[in-house]
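A.B. asks: Residue-level listing of the chains:
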Amino acid sequence: MKSKNWFVVRFLAPAMLCLLAIFLYPALRTILMSFNKVGFVTDNMKDWEFIGFANYTKLMGSPLFRRSLWNILKIWIGGGVVILSLSMLFSVIITSRIKGKKFWKAMLYLPHIISSVALVTMWMQYAYHNQYGLFKRLFELIHWNSMAQFQWTAPENLFLAMMIAYSYAGVGFYMLIMVAGIDGVSEDYYEASRIEGAGIWQQFCYITLPMLKDIIKRCIVLYSASAAGFFVYSTLFSFNTENATVTPMVYMYEVVFGTGVGSSSAELNVGAGAAAGVLIMLVVLIVNAVLNRIIPSEDGQ
Amino acid sequence: MKRVNKVLAAALAASMVLSGCGAGTSKTAESSPSEESKGAESVAAETKEQGSKELEGTLVYWSMWNDTEPQGEVWQEIVDGFMKKHPKVKVTVQWCGRDNKKILKPAMEGNETIDIFEYPFEIDLNEYVLDLTPYVDKVYDTTDGKPFKDTLIPSLLITPGTMTGRTDILPAVGYKPWMSLFMYNRAIFEEAGVTAEPKTWEDFDASCAKIKEAGYVPITFDDAYASWLPGMYLAREKGQEWVQKLVKDTTGEMWKDEAVVNMAKAFEDFAKKGYFDANVSGNKWPAGQVDFGNGKVAMYYNLTGLPTEVADIAGPDFQWGGFSYPDVTDGAARCGKEDPTGCTLLAVNKNTADPELAMEFVAYALSKENDAKMVEHAGTTPATVDTQWPPALENMKDALELVEVPLKSGGDIASNPDLSPTISENFIKLAAGQITADDFVANMAAAAKR
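Chains L and V, in that order, give the protein sequences.
Going letter by letter, the first sequence gives residues 17 to 317 in this note's numbering.
Going letter by letter, the second sequence gives residues 820 to 1269 in this note's numbering.
One should not assume that every hint holds.
Here are some chain L residues the structure puts well away from chain V; computed CB gaps all over 10 Å [unchecked claim]:
| # | residue |
| --- | --- |
| 1 | 41 |
| 2 | 85 |
| 3 | 119 |
| 4 | 217 |
| 5 | 262 |
Pairs of lysine-lysine, PhoX-like flavour, derived with a Cα cap of 25 Å [stated by the list, open to error]:
| # | chain 1 | residue 1 | chain 2 | residue 2 |
| --- | --- | --- | --- | --- |
| 6 | L | 62 | V | 1268 |
| 7 | V | 1018 | V | 1216 |
| 8 | V | 1084 | V | 1268 |
| 9 | L | 152 | V | 920 |
| 10 | L | 53 | V | 1268 |
| 11 | V | 1064 | L | 74 |
| 12 | V | 1115 | L | 53 |
| 13 | V | 920 | L | 53 |
| 14 | L | 62 | V | 924 |
| 15 | V | 921 | L | 53 |
| 16 | V | 1115 | L | 74 |
| 17 | L | 62 | V | 920 |
| 18 | V | 1091 | L | 74 |
| 19 | V | 1091 | V | 1018 |
| 20 | L | 53 | V | 1064 |
Which chain L residues face chain V? A few, computed with CB under 7 Å, are given here [said to hold, decoys possible]:
| # | residue |
| --- | --- |
| 21 | 79 |
| 22 | 165 |
| 23 | 167 |
Calculated from the structure, these hints are not laboratory results.
The beta-carbon is built from N, C-alpha and C at its ideal position, and this holds for glycine as well.
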């Protein structure tokens, strides 16, 4: 027995050391940084200036950071509901008896594999463009002039535009997971319900949903993780940091590395960035705990 | 068979590791054969000053360019040329790209040997730079008998100090000077009958009216540079320092100042008169500058680097012009004297082994001959006086050489990253006619209040 344990330890040790070095050490250092005033991200610890919770109070007092929290809430809940509902809808349609299943599956999944940069360039420079864009031409074609003039990329509409683009790319991934889940549900249940006279909606509510509870929970967790790190779409939709698209990660990048064109005397505030990172981590932990409570996992059915 | 597979696998793994190691290292170039160096030496011996210096040593240059960019290609030629001229000198280049902003400081803290580097002004590297004040007074091989500082455009000796916040020493010399100007289409101006560049806001108003009558759109802008227009207006009214205080104000009261109200009303007026392009509310970079390059819009407030950016759209026949941001009513006479200007900064490490050698290299790189190469190949502005300017920027030569007080972009209105997005957002709405001047002031005051 003892030799077996020692065997296991020797095999796990390198991986554990790597994990500690790559994940734990930076996490601890970031937490420490959040309580100090730090000039540049690679400064030695002796150059830090201890300021206690000042970074956190500054952060909560910053309208830009508060807006980023509000945005991430909208992305998480609003975006989550829309994306997961659409994924569910598509997955149910695809697993029903329609023609060209493989084609539709591929079409819906394709946006997920294309690089975000390429996709957003298409959205911004083609689909949403206010002079030569796809939507403008389309709406003009059907004489819906008020929509043709709709400024998709104006500050007030930019968030909506970004979420539409994000959903377009996101739906395919969750749809595929749910399709796999539905395929795993035994056909017998559906047959039995059809004999009893259940319609599609009843089949969905009483068979599909309960059987997919675990998968739906996994999808919610996956989506929450990707929403917490929402960064790429925000930076691609906005040249400089904008109120409409700012998220905590974008805020963190802005204060730690600085963005913006031309020259300005804006100072970097790495401590505030570290504090933002710590807050994101706390939010993720809380959300995870809440989800575990609300959706109990089914162990061994 | 099994053994062969194992050896093959090991060899492949080793080659992957080695190629990974080698990927980031610097490029070196060999020194030239001795006949050519003798020729170069005799030519150098004929020059008036100090004869041919037998220079020897090594230099390490960390470049902000990539070797595939036009500027990078010119630098490679400069490095090769210098080593050819001084065969006992070896120059090693590390092509960092724009990531130099992130890796220079850690590298220097780790005592990495770096002699010359482009200073990324957003980062504070002030403790690592050599004060170049005594060095620019000296004469070098390539300066034709004149002190180095006399060969450069004067602003290149001033802006390094203002850009890095060090005015007590000369932290770097500049090259590729840039300026923020109202870039305009001279063909449209001529057609509309605007004969002179506007110097005051009234002139500006009148010019816009004429351009609108001629059927063109007077002004457009992109979201990326939106805050520069109100920022410069305020800087013209009250100076850059006031703008810096304004954005850091936490009571919201400064935003209700008359200066801000005047500025908001001026732009509200322009929006009402239809001087802004109808699409400014949704313009995402580079939509606005494409409109300008197309010849649809007459003016676009931007940088002197714009001609290179829209070269493909504008074409070779585009008649470029640029004028300084006009003076405004209730402001001091600042047009033409105070403008955002800067340059690319070339600095020398304080701990460099041989400062003289480093300065010789810098002087060589910024010599007329190499400067001309940079202008021609990379389409940049010249660093040396009397060098031929690229045709697109010829008309702006005076503006660059006459600037007295260098400002930061947009009068430094973007110096508070927390408030900057709100300023841009509100200005876009003001210019699009969606909010009034009073709304603008109220929104900004509310956003600034803590």
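A.B. asks: Next step is simple, just say for each hint if it's right about the structure.
C.D. replies: Okay, the hints, checked on the actual structure:
no., hint, result
1, 41, "16 Å, holds"
2, 85, "14 Å, holds"
3, 119, "34 Å, holds"
4, 217, "41 Å, holds"
5, 262, "7 Å, violated"
6, L:62 - V:1268, "35 Å, violated"
7, V:1018 - V:1216, "17 Å, holds"
8, V:1084 - V:1268, "22 Å, holds"
9, L:152 - V:920, "40 Å, violated"
10, L:53 - V:1268, "24 Å, holds"
11, V:1064 - L:74, "18 Å, holds"
12, V:1115 - L:53, "49 Å, violated"
13, V:920 - L:53, "20 Å, holds"
14, L:62 - V:924, "16 Å, holds"
15, V:921 - L:53, "18 Å, holds"
16, V:1115 - L:74, "45 Å, violated"
17, L:62 - V:920, "22 Å, holds"
18, V:1091 - L:74, "39 Å, violated"
19, V:1091 - V:1018, "22 Å, holds"
20, L:53 - V:1064, "22 Å, holds"
21, 79, "6 Å, holds"
22, 165, "9 Å, violated"
23, 167, "3 Å, holds"
Of the numbered hints stated above, those contradicted by the structure are hints 5, 6, 9, 12, 16, 18, 22, listed in ascending order.
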